[in-house]
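Top line first, the protein sequences correspond to chains A and B.
Residue numbers for the first sequence, in this note's numbering: 546 to 977.
Residue numbers for the second sequence, in this note's numbering: 546 to 977.
None of these hints come from the bench; they were simulated from the model.
A hint or two may mislead.
Which copy? The list can't say, so a pair holds if one copy fits it or any two copies do.
Said to hold, decoys possible - Straight-line alpha carbon distances no greater than 20 Å define the calculated SDA-like cross-link-like pairs of lysine to any residue that follow:
hint	residue 1	residue 2
1	811	896
2	811	893
3	811	886
4	811	882
5	811	901
6	811	897
7	811	885
8	811	884
9	811	932
10	811	892
11	709	767
The chain contents come next:
There are 2 protein chains.
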Amino acid sequence: VDAQDAQRLDSLLDPLHAADIADLLEQISPTVRRELLRLWPEGIDGDILSELEEGIREEVIESLSPDVLAEAVRTLDTDDVVDILEDMEAADQDRLLGALDKADRVAVEQALAYPEYSAGRLMQREVVVAPEDWNVGQAIDYMRSVETLPDQFYHVILVDPRMKPRGYVTLGRVLSSRRDVLLHDIVEDSFRTIEAHEPEADVAYIFNHYHLISCAVVDAHDRLVGVITIDDAMNVLDEEHEEDMLRMAGVDDEASLSDTVIEAAKGRAVWLFVNLLTAILASLVISAFAETINQMVALAVLMPIVASMGGNAGTQTMTVAVRALATRDLTSQNALRVIWREAAVGAINGCIFGLLMALIAGWWFGIPMLAVVIGVAMVLTHIAAAAGGILIPMGLQRFGVDPALASGPFVTTVTDVVGFFAFLGLASWALL
Amino acid sequence: VDAQDAQRLDSLLDPLHAADIADLLEQISPTVRRELLRLWPEGIDGDILSELEEGIREEVIESLSPDVLAEAVRTLDTDDVVDILEDMEAADQDRLLGALDKADRVAVEQALAYPEYSAGRLMQREVVVAPEDWNVGQAIDYMRSVETLPDQFYHVILVDPRMKPRGYVTLGRVLSSRRDVLLHDIVEDSFRTIEAHEPEADVAYIFNHYHLISCAVVDAHDRLVGVITIDDAMNVLDEEHEEDMLRMAGVDDEASLSDTVIEAAKGRAVWLFVNLLTAILASLVISAFAETINQMVALAVLMPIVASMGGNAGTQTMTVAVRALATRDLTSQNALRVIWREAAVGAINGCIFGLLMALIAGWWFGIPMLAVVIGVAMVLTHIAAAAGGILIPMGLQRFGVDPALASGPFVTTVTDVVGFFAFLGLASWALL
Chain A
546 VDAQDAQRLD SLLDPLHAAD IADLLEQISP TVRRELLRLW PEGIDGDILS ELEEGIREEV
606 IESLSPDVLA EAVRTLDTDD VVDILEDMEA ADQDRLLGAL DKADRVAVEQ ALAYPEYSAG
666 RLMQREVVVA PEDWNVGQAI DYMRSVETLP DQFYHVILVD PRMKPRGYVT LGRVLSSRRD
726 VLLHDIVEDS FRTIEAHEPE ADVAYIFNHY HLISCAVVDA HDRLVGVITI DDAMNVLDEE
786 HEEDMLRMAG VDDEASLSDT VIEAAKGRAV WLFVNLLTAI LASLVISAFA ETINQMVALA
846 VLMPIVASMG GNAGTQTMTV AVRALATRDL TSQNALRVIW REAAVGAING CIFGLLMALI
906 AGWWFGIPML AVVIGVAMVL THIAAAAGGI LIPMGLQRFG VDPALASGPF VTTVTDVVGF
966 FAFLGLASWA LL
Chain B
546 VDAQDAQRLD SLLDPLHAAD IADLLEQISP TVRRELLRLW PEGIDGDILS ELEEGIREEV
606 IESLSPDVLA EAVRTLDTDD VVDILEDMEA ADQDRLLGAL DKADRVAVEQ ALAYPEYSAG
666 RLMQREVVVA PEDWNVGQAI DYMRSVETLP DQFYHVILVD PRMKPRGYVT LGRVLSSRRD
726 VLLHDIVEDS FRTIEAHEPE ADVAYIFNHY HLISCAVVDA HDRLVGVITI DDAMNVLDEE
786 HEEDMLRMAG VDDEASLSDT VIEAAKGRAV WLFVNLLTAI LASLVISAFA ETINQMVALA
846 VLMPIVASMG GNAGTQTMTV AVRALATRDL TSQNALRVIW REAAVGAING CIFGLLMALI
906 AGWWFGIPML AVVIGVAMVL THIAAAAGGI LIPMGLQRFG VDPALASGPF VTTVTDVVGF
966 FAFLGLASWA LL
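Bound conformation, chain A alone (with noise of 0.2 Å):
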């Protein structure tokens, strides 16, 4: 396709869809993909760049002249442009800025006032607006006149004088409902607003909670300032599933695959740092046991089975912890039955397993009494992840760090700790 045809290169792309187009962008390599910008720069549209991940839009949006990129930009909704310049660095922020119409550009600068991360920042400004005293052919001859609507929107929101939204009224009820019939007699009682300083994360939980299309979003004096659709939300609840899963594999949460070798390399190391300092503590306390060790080398073979066992048990603990805590379902509520299920399920897990694996060490060395020792290690550090794997995610939660973040490398220390301590401990009071 990159022999040189543009014409070609713009009949096939033309009819994509933007997210498409971004895609095959993401995946092309970086000579391809300078190649491709050369000979197709009026091809990149606003649609691609709020498409495109971070990096690569920085790559693309340095390709393009001041013009096309204006030009792209000019026809995007507010949430989109804000999404789009939040990720650049302010020399080119404010060339992105110029391009717009004066009160577009007031809008975005409005909206980068709040904080990142906040619903302010997620928000559009384009509302439909209804007062609250109007009926629908009122609504509906008012919409007709109006030039500008929102590209997306499925409610008119009723306001009061001092725009305070008082309810807001489906599209699809407007449309059903003959034209005497006044709007607050057919609002949705499923009616709430968000706070334009709240966290992205609550927003994203909110639409997912109440099941929401659209919600109003009021400043700290209760007043309208915009609406959060439900597409964002689903964009948002995306990111934070990623950044979760990223989080609690020690992953740096931007990270992505157009990442540079360096960049992803960095974004690892920080958390195989602080597993080398918590396995280098597990390993202390085997050097504790060295001169038992060395009186029965067969302890040295079996105890990573412990610690392995005990690490997982914990990982599973935590993960079910992490989520419940995400998805809200764990609550000081419920907490001691939810600790004392994950106990009784370590307990039970670990006989079963301390039972088995008694029976193989048994079998494997002949020695009955390490047999005894083994299976007695692996309940106490199943019954030890039990408990890291969820006292440690809910004690971070209630000092503000995100669990999914931190919960790792606490719980593998615990049990690893546990394992090796419980394992040689006993072998080298019961066996020598």
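Could you slot chain B onto chain A? The hints should help.
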């Protein structure tokens, strides 16, 4: 609250959103829940039932009288009824189906005929359609005349005489256009259809990728059979994420906080068992070097560090790969580039932490050759971890296995075996 005061209960719970009541029911203890249901049966409506999670829902449904249940279900859209029914046993299903109107019952039965987790199960039958050649005025008059419109709808779908969907118009465009504008002049270019047999995971992907709000569902003959709305897609997206996260940690993907202790223990035992086998495999590697360890106990102290670092590096790469496969950012197009990148990241971090660990081991045990051995072993293990972390999920995906489900055990086996083998093998060759 539960001091038998039914009136007080009613006044407290009635103003709450169904989702919040469901949360409350999930979080209180089983005894309190039974008591509450006995006191307040008439409060349970269909919306609360669809918000409840499976285990609790069965409990609640069993406690309700057939009349209350029938009344509760009758108000729901077909997709929500299907959602409740599909988790129930056959006898209960019949009871509930019997409570529905004839038309609804047929619709629900048709939906249940589609495979589980398909678009057909997700869609609602209630659709607003208009012939292609209508104008805005005709559409509005039609909507005003129809008695039962769906609870939520955002588009009017244009169909040809054989019910094949041709495009859709947003309600916003209908409202803002003059009555004589033809519907097919204001259709959206984002229109696409989903085949009813497509898996729901693909539905969620399409909604998220193309920012859809609703999407027409067609049968094998391309005829319109229903519509899926974004709130259902958001729900699926959320569930898919939860599944991925739980699967990666080796927890049964249907696990929830309301499972009993036995259910929870069973759901985790499977993967603990797999882990036991892989841990034993790693131990066999160690036991092959028992003689070496016997001669230098420092090896037993240090070997868990090599395995632990390798395991973590492998999990990092694996998580990035599983996530990228799920979002379809990792395709056969860019696979080779991503594999090379991961190998390079592994090599870089391997060198950094290998060097660091060599310094620590040298200082700790004062044996220069031991420092060299652990350093080289760390580099090799990190590269193996990177290779395993990316190739195993990709391989599983190719063979049609969910990479989130099965990658974990394979990757840790690779890192453990390579880690122990490299470290102990190098040690026995270089040190003794």
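Evaluated hints:
| no. | hint | verdict |
| --- | --- | --- |
| 1 | 811 - 896 | between (41 Å within a copy, 13 Å between copies) |
| 2 | 811 - 893 | between (40 Å within a copy, 9 Å between copies) |
| 3 | 811 - 886 | between (39 Å within a copy, 13 Å between copies) |
| 4 | 811 - 882 | between (40 Å within a copy, 19 Å between copies) |
| 5 | 811 - 901 | between (41 Å within a copy, 15 Å between copies) |
| 6 | 811 - 897 | between (41 Å within a copy, 11 Å between copies) |
| 7 | 811 - 885 | between (39 Å within a copy, 17 Å between copies) |
| 8 | 811 - 884 | between (36 Å within a copy, 17 Å between copies) |
| 9 | 811 - 932 | between (32 Å within a copy, 18 Å between copies) |
| 10 | 811 - 892 | between (39 Å within a copy, 12 Å between copies) |
| 11 | 709 - 767 | within (6 Å within a copy, 47 Å between copies) |
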